[in-house]
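Each chain is listed here by its residues.
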Amino acid sequence: MKLTRREFVKTAAATAAGTALWPFLRNASATAAPAADLTVLTWSHFVPAADDELRRQAEAFGRARRVTVRVDTLAMGDLPAKLAAEVETQSGHDIVLLMNYSTALFKSQLVPLNDVVAGVRRQYGDFWPFAREASQDVGGEWFSMPWFYTPAPGNVRVDYFKRAGAPTPDTWDSLLTAAPKLKAIGHPIGLGFGHHGDSNDWLLQCMASFGAMAVDNKGRVVINSPETRRVLDYVRLLYNTMPPEVIGWGGADNNRWILSGVGSYTINPISIYVAAQRDAPEVARNMDHVPPPAGPKGRFSTTTVYTLGVWRFSRQQALAKEFLRYLFAPANYHAWIEASGGYNFPLMREFEVLPVWKKDPKLQVILKFGAWMHMALWPAPPSGKAQQVYDSYIIPDMFARAVRGASNDDAIAWGEAQLRKIWG
Amino acid sequence: MSTKAAPAPRLLRSAGFWQTSREALAGYAMVGPAVLLLAGLVGVPILMALYLSLTNAQVGRPGVFIGLANFLALGRDSIFWATFWNALVFTGAAVSLKTVLGLAAALLLHQPLVGRQVYRGLVLLPWIIPTAFSTLGWWWMFDPLYSVINWTLIHLGVISRGLPWMAEPVLAKTAVVMVNTWRGLPFFAVGLLAGLAAIPRELYEAAQTDGAGPLARFRFITLPLLAPVLLTIILFSTIMTISDFNIVYVLTRGGPMNTTHMFATLAYQVGLVSGELGRGAAISLFIFPVLLVGVFLLLRVVRRSEVAGT
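Here the protein sequences come in this chain order: X and D. Residue 306 in this note's numbering sits at position 303 of the first sequence; the count goes up by one each step and never skips. Residue 228 in this note's numbering sits at position 215 of the second sequence; the count goes up by one each step and never skips.
Quick caveat, the hints were computed from the structure, so don't treat them as lab data. Only a predicted model underlies this, so the values are computations on that prediction, with no experimental measurement involved. Any given hint might turn out to be false.
The list that follows gives simulated cross-link-like pairs (lysine to any residue, SDA-like), each with its CA atoms no further than 20 Å apart [claimed, not checked]:
1) 424/X to 174/D
2) 424/X to 173/D
3) 165/X to 407/X
4) 424/X to 58/D
5) 186/X to 55/D
6) 424/X to 158/D
7) 221/X to 382/X
8) 165/X to 189/X
9) 371/X to 384/X
10) 424/X to 91/D
11) 186/X to 158/D
12) 85/X to 88/D
13) 300/X to 232/X
14) 186/X to 258/D
15) 85/X to 258/D
16) 424/X to 75/D
17) 110/X to 143/D
18) 424/X to 95/D
19) 186/D to 407/X
20) 85/X to 59/X
21) 85/X to 134/D
22) 365/X to 288/X
23) 110/X to 94/D
24) 424/X to 67/D
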């Protein structure tokens, strides 16, 4: 009796523990077995063919080196949280995609890539200054490998502008003159105010071209300025010509706006055109790309800058560096740009000679972007704080408040308070 | 199973003590793994969140102890207060809607209709489909260019121009409550249906003989006997609604202008996306007291109905 009871207890406890823990044990062994030697985390590309090409190169690299390389993709908006989680748990991928100021944000977690970058620079020449900022090049220390950026021209429906009797816009003023006419013919312009990089980008470049800035080059919050008030007034007028849904627009909404044949103008990388050539030839035929609008202080552009970093906790740092070099072998880099239809744009002038941009007159303008381009919060010093401002969408929210009825003072006061929470 | 043995006869008491303790040991052994798992998967994270909320930790930087500064900063933050009210209003509106509509659905499904089994199966669909997936479907139905809801309303002549569902705060909030209600309705309907099935038919027959009409029968038989089930379901749903993440995250991402955040999505936005781990943890802890009260009430109801059942 005694023995059976004790036995029963033992068996019951063991079974219970085993049952409860079984899924975890099984998972642990399952992830351990087919694990890749090298893992890469990047975004789900707006031009999916580019991801296919990247995976093809990863496979080829793996075959040559007798290793497995796995490329994982994630929606752009989900990347910041994923990177944060990987840093906090000190586990995850070896190579990760870093956007804008993310390199600065995660600097202490990243392996310096000076040797890789030096090799690429020796071979192809130097990067644009904004790429150095993105990769946190301070005194020759590169914490990520500049990969590409996506020049964002004005996407114009030439036929609608003609029908409305307006010239294609070269300045913010001419855009504002054209906008009501386009609204009148049922094809309004559309620029988003939602929580997406596109909203940050067009508003920040608009601010810059009016001489307004969120933070100056000394890191002081200077959003409360007459220039910001002027931009708020301007954007309010522009918003009145747009459909109300622009307030909630995400990254794909302005693409659909043009692709549907309704919209006449937006600011976006050339992914709309690339998609239109495939899915909406009528739209592709009638659209063109123009420089970003100029303002009283000049012509400015900002858009996402993409770099690749290697985590310090990675156990495959040497292999990761080798893979980065492999991606920059001319044949590979070119094939990957071709696959993206020219959307992936190099961060060094020497690479801008590819036929993909030369053969299409509608893509000529993006070859000029290097000179107009700045990091998003320019002239603020590149830092993790800048990335936090970008990821918190303070600028789009401030403008959304203003165009929906808040006074300039209230909108600025709100924006300034939010900026100070981050910048102090 | 009870861990308290019935009082043993006096003669055997000393042996009984050992037996009881061995029995208790078996009980602990069986409960142990579950408790350990809970402690590991729930207890540790809660303690971590408590600790983080008292620091200025950022992603990749441990941070130092700053006392209640995060909570004080939240008290001054307009986005946090908007979220606080959202949590109350969303939960209140969605749970009320689910209660009324769920009860109606349960009463309908309880009727001896032809093909009742099919309807009962169909009603469960919103509950079975993964939330992220079904919410994407809703997101598409609210899309400014292709909204089937706008299309219907325009063709019915209700509106002349499409509503900007995700751009107008009031509409976006309505959309979140609508989707949450749609998603949680089956839980109410099926739960209450089970409750209805458990009410003895004789009660209705007796009432009918005494001349009670349908309303009186609902008021004096159905509702009181359904109350324990109803209460349990409402409490469960409150807990799940107030801590919801998926629907808001997929549908609005907290927008427009941070007007549709719930605690969970704001904590995610601040803590992980913007990297302010400490402040994010502080936000997430605000759900905790609400859940604590909810669980306390829930357990009371469950215990009372258990007592009533025995």
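Cross-check of the supplied hints:
Distance restraint check for residue 424/X and residue 174/D: the Cα-Cα separation of roughly 40 Å exceeds the 20 Å cut-off, and the hinted pair is therefore not satisfied. Taking the CA atoms of residue 424/X and residue 173/D, the gap is near 43 Å; set against the 20 Å cutoff, the hint is violated. Restraint check: the Cα-Cα separation between residue 165/X and residue 407/X comes to about 30 Å, which exceeds 20 Å; the hinted pair is violated. A hinted pair counts as satisfied when its Cα atoms are at most 20 Å apart, and residue 424/X with residue 58/D does not qualify at roughly 26 Å.
Only pairs whose Cα atoms come within 20 Å are accepted, and residue 186/X paired with residue 55/D is rejected, the gap being roughly 54 Å. Annotation: proposed proximity of residue 424/X to residue 158/D is violated, straight-line Cα distance about 37 Å (limit 20 Å). In summary, the hint linking residue 221/X to residue 382/X is supported, as the alpha carbons are separated by about 9 Å, within the 20 Å threshold. This hinted pair checks out: residue 165/X and residue 189/X have alpha carbons roughly 13 Å apart, not beyond 20 Å.
Restraint check for residue 371/X and residue 384/X: the C-alpha separation of about 24 Å exceeds 20 Å, so the hint is violated. Between residue 424/X and residue 91/D the CA atoms are separated by roughly 13 Å; this keeps the pair inside 20 Å, and the hint holds. In summary, the hint linking residue 186/X to residue 158/D is supported, as the alpha carbons are separated by about 16 Å, within the 20 Å threshold. Distance hint between residue 85/X and residue 88/D is unfulfilled; the C-alpha atoms sit about 28 Å from each other, more than 20 Å.
For the proposed pair residue 300/X and residue 232/X, the alpha carbon gap of about 15 Å is at most 20 Å, so the pair holds. This hinted pair does not check out: residue 186/X and residue 258/D have alpha carbons roughly 38 Å apart, beyond 20 Å. Between residue 85/X and residue 258/D the alpha-carbon distance is near 16 Å, which keeps this suggested pair within the 20 Å criterion. Distance hint between residue 424/X and residue 75/D is fulfilled; the C-alpha atoms sit about 19 Å from each other, no more than 20 Å.
The suggested pairing of residue 110/X with residue 143/D is violated, with an alpha-carbon distance near 37 Å, which exceeds 20 Å. A C-alpha spacing of about 18 Å is found between residue 424/X and residue 95/D, which places the hinted pair at or below 20 Å, so the restraint holds. Taking the CA atoms of residue 186/D and residue 407/X, the gap is near 17 Å; set against the 20 Å cutoff, the hint holds. As the CA atoms of residue 85/X and residue 59/X are separated by approximately 24 Å, the hinted pair breaks the 20 Å bound.
With a C-alpha separation of about 37 Å, the suggested pair residue 85/X and residue 134/D falls outside the 20 Å cut-off, and the hint is violated. Distance check on the hinted pair: residue 365/X and residue 288/X sit about 10 Å apart at the alpha-carbon level, within 20 Å; holds. Note on residue 110/X and residue 94/D: the hinted pairing is violated, with a Cα-Cα distance of about 33 Å set against a maximum of 20 Å. Distance hint between residue 424/X and residue 67/D is fulfilled; the C-alpha atoms sit about 17 Å from each other, no more than 20 Å.
Violation of the numbered hints given earlier is confined to hints 1, 2, 3, 4, 5, 6, 9, 12, 14, 17, 20, 21 and 23; the remaining hints are satisfied by the structure.
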